Amino acid sequence: MNFIEALLFAHHQILLRNPKSFILGLGVNYPNGADGSTKGLGQEFPDRVLDTPTSELAITGAAVGMASQGLRPIVHHGRVEFAMLAFDQIFTQASRWNFMFGGNYPCPVVLRICIGRQWGNGPQHTANYHSIFLQEPGLDIYIPATPKDAYRSLIASSVSENPAVILEHRWLYKTKEEFVPEKLSSFEFPFASVYGDGEDYTILTYADGLVDSLKALKFSSTYGIKGKVVCLKFFSGRNRFPNKLRELVGSMKNVILVDPAPYEFGLLSGVLTHFTVENILKDTDNINIICPPFHPCPTSPKLVGEYYPNASKIVQTIKSFGFDLPEFPLLSFDDLHLPPEMDYTTFNVQNLVGDNNIDKVKKEYYV
Amino acid sequence: MSKMLFDMLSKMVQIRTTEELIAEDFINSKIFSFLHLSIGQEGSAVGVGFASKEQDILFGNHRSHGHYLARGGNYEKMIREIYGDSGGCCLGFGGSMHMLDRSVGFVGSTPILGSVAPIGVGLAYSQKIKENDGVAIVYIGDGAAEEGAFYESLNLGGQMRCPLIYILEDNRYCVNSSHKDRKAPGYNIKTIIEGLGAIYERVDGQHVWEVFESTSKIREQVINEERPAVIHTDVLRFYGHSGPVKEGNTPYRQGDDPKYREENDCIKNLKQHMQEIGIENRLIEDVEINTKKTTTSKFIQIRKTFEVRI
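Chains as they are written, first to last, in my numbering: chain A, 678 to 1044; chain B, 2 to 311.
Only chain B is shown next, with the shape it has when bound in the complex (with noise of 0.2 angstroms):
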């Protein structure tokens, strides 16, 4: 188990390091192609990746280079395709938002909002048809998942019998609208997805473990039930919805300022976990260290051979 741990750190680390070189260099207009950064949702991501099992397909949104990453997908194809390089894993024909890494299960990413959930019914249901006891896995935003097909593909995903999760990540904000803007008085997405005959869970994003836990058993019962599930993961988002900008306290934030987004750090709460149950400190910080390290090394290297601007 604390191997684990300590795999996640790295892979939670990774991601965010990554994340924030890109952001630096598209200030400098080095990426001409759009960037929606999830600094803040690793938790989410690398709990659900590390329960994902190899026979497993997954599949993500226009947010995706921390879904992407927690899988194993390629690093260097996804920097060179952020950046439209040749050697990127769509061959700079998709950019930051289509992410792919078919070797490793990881069959997509497309932005259109809503539109990966009947995608998600379809991928599931061809796993089912493989017999392997696989699952597909699909990352719908909570925006996303105001779209009437969210709803119809639950329904159709149950009435398919579809080994099918959707991870409902619930950054709280719709671009820059709350759920209270956006959503009916007295809307009950618990009551909803229930209704519509599929298993639900609310799990705390910020807590790797706990989405790790909860995607393990929630990925069982769905193969053995034979019914869809909604595992909805709360996650802070710390940037702003498109582009490179890390947000302060911006107004419509209302109850989570910095100082909020910094205490309830995925990472950060993953190290004081790893503390509480005996890890020494010194090994953590270790890991930390070296990924930071390695990472931003082997990213200047990768960005280093090739131009940017014609």
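So that you can see chain A by itself, here it is in the shape it has in the complex (with noise of 0.2 angstroms):
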């Protein structure tokens, strides 16, 4: 199954299940709408997968009345930059609605927003803003890396009682993972994944940049280095860290981390500063960041380049460490440019649970 199709099984779902689940967004009904991932659903239930004026800011602010009334609206938004016009209903509005009301009062509103790279997407497409999301509480983000995450966050996203934001990177919409999906009262989301076991260093990323740390971590270990990838995925309304995200982060060493976004006030530096600060990073000698430079993203193929972080970077940064790697990987022009088609599957995991994980909830819908 690849990524655009576990976000369709996984709305099929959840409408199917729950009569109150509605699809809002652009073109959420087209045949092949929301790139594919709304498919056929518009004809399928045409009273709850609804087509929208390109009103951005009516569409999310309706989703939050919709949902403070007890409905489970899904809002669809093609990019970040079209989500911004809707910033009053998703931060002030979503976010703090059961906080100012006192409790007792959620808004489950989920909003599907992609983000990031795509090919020819140019400055105004493809902005990765997560850090943003990331600094308002109350907020549930969901940054999924694999088609299987795909499935879990709107599942999980569409029983829980917080507002969610999920931050789709369009890149990754051709990867591949099979899986078997499950009902929620079998899994719970985690907070991050770690892939292969090895002690040589650690790679720290999130989203897309999944991508490029497998295809460094296996070229390392055709040369007998061995690391791990440590993919983060969930971020607790609640609570942005995880106490097990600490334990995980205090035995790191050789640690390299792969932001697709600026790293500049980013994600990344978000979670490293705060673990400076605890005193839990004290090997910080060997900390490398690679991460795109502090400028949008253009549009020419020749000016994006290397714009982003890519698998060579990576194996360059882990020889700095002292390994001897005597070769880096090939990239051509596609690697660097055209949307990547991983399959997953392979590749050993161990998913994270953390004790902020998502509430409690009703799940009679999916038991």
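Bear in mind the hints are in silico, worked out from the structure with no lab data behind them. Honestly, I wouldn't trust all of these hints.
Unchecked claim - Sample of chain A residues with no beta-carbon within 10 angstroms of chain B, all distances over it, derived: (1) Y782; (2) N798; (3) S977; (4) D1001.
Claimed, not checked - DSSO-like mimics (lysine-lysine), calculated; alpha carbons at most 30 angstroms apart, straight line: (5) A:K979 x B:K184; (6) B:K269 x A:K716; (7) B:K78 x A:K979; (8) A:K892 x B:K31; (9) A:K697 x B:K247; (10) A:K851 x B:K31; (11) B:K269 x B:K299; (12) A:K851 x B:K247; (13) A:K979 x B:K247; (14) A:K979 x A:K959; (15) B:K294 x B:K4; (16) A:K716 x B:K299; (17) A:K860 x A:K903; (18) A:K979 x B:K299; (19) A:K921 x A:K895; (20) B:K247 x A:K716; (21) A:K990 x B:K31; (22) A:K959 x A:K921; (23) B:K31 x A:K853; (24) A:K959 x A:K892; (25) B:K4 x A:K716; (26) A:K697 x B:K4; (27) B:K247 x B:K78; (28) B:K31 x A:K979; (29) A:K979 x A:K930; (30) A:K851 x A:K716; (31) A:K860 x A:K697.
On a predicted model such as this, the values are computed, not experimentally measured, just so you know. Note that beta-carbon positions come from the ideal geometry of N, C-alpha and C, so glycine has one too.
Reassemble the complex: the two chains are provided individually, in unrelated frames, and hints are given to aid placement.
Here it is, written out as structure tokens:
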């Protein structure tokens, strides 16, 4: 199943099982709506899969109103830049609703927001604003990196009582993973997944940083240098730093931060700062950061070049720790500029569930 | 008058020929950028472009190749920008959706729907401060006009007494949704705009000279009455919302098949109009054929000078 198919499957399950669930967004009822992730749903559920005017603020606000009265709307924003027109509703209304009314008044709106890189999308369609969302308490943030994550993020958020933002990297839409879709009662959404178990180095990343990190992991292991990749996937609206993450970070050495967004004041910068201040990160000699330069992504492929982190840069960084790596991965034009079709199925993965996970919720639709 | 009709014809043919060449090239995956083609909608772009005066400034959207060329934007720099070459109008940083030629008053184009509306107020206010009898002309689509910012901007522009003209290009579809799907029953754009104190006029964008006359008239009115205007041009989009594909009988197009579009083509309409006012057909055909030829050879000549894939 690829990323899109996983989203579609989850949407279908939710609509089928919960008559109060809705999807709102531009073109979501098209035959191939929301990049295919709502394909056919408009025909099967015409009253609950709703095309909307180009009015992001109004659509999102309407969903906030619906969610506050017990309905289950999922809003699709095709780019984070479009969702920004609705920031008043996401940040000032949805995230604070339950808090400012004294509790027991949930507003479980779910926002699917596409974010990040995509070929030719240029400066106004590729922003990586993860850190803005992460700074807002009250919002559960899901950053799915694999098809299974994508499936689980929709299922989990659609029964949680918290407002949720799913930051969806369109770059990952073609990635694949074989999995048996679980019922909600049988999983809890992990805050992170650990790929590999080598001790030589640790790559800390999230979202589409995972693909090239795994390529680098595989490449270095062919030379007997074994590390692991820690991919962050979920941030609870109540507590962004679960205790288990503290333990994990405390055990890391030779750390490479692979951030697909600018590092300056960004997601991994926040993680690093937090654990540095808490004195968890002791071995600070070998920490390297790989991230885009501090300017927006241009349009021309020539200018895009190696704007984003890639497997070659990661392997070069591993070498800089003193490991013997005679060569680096060669990257073709397609590697640099076209969405990856990586299959995650074969990677050895361990999922970490945090103590900050989603609330115990009503599960009647899924059990 | 007849010279101007020839010039308009030539400009429309230039825009169409260029975009057709680009579409063909895109299919061979030479272009790593968005592509929103205005083929079929040239009448609106050219009518407005020709009615604008030297001191005016214009701002476009995601579909602005035609707007840019109609205003006299540099041809070579546009082609280079679309292909991501460093000789492009934004040095390759922007791509197809970012047309810019400040030397002719085409002060930019950006694709985020609705966000050009408030920018337009500021552009118009800067024109007012200059006291040069210039206006700001901002192209907005029928989809983008669903954003709240559009209505706020009309009110703000009126309150600030701005010489501002929105060209509301209505190609009937927001991506693949028709007005029926996206608007409330009884939605009346004329009432809304006039209710906000602005001037409203609807014109058939498939007739370029009507767009020209309407824009020229309203341009004067906006300056004299110190209030914004919306010129609502009905246009036909021959291609999909995005990408290089010319559409046939796609299911979402109701009462809008290829035959209908061809019969109402703005270039065909102009040629017919020229004949009706007594211009010899031979001269009309000459201009069309010559423009196609020169545009194609110029395009190929520019295209040869750079590699697209790294």
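- Query: Hint by hint, which ones does this structure get wrong, listed from lowest number up?
  - Reply: Of the numbered hints, 2, 3, 5, 6, 9, 14, 16, 17, 25, 26 and 29 do not hold.
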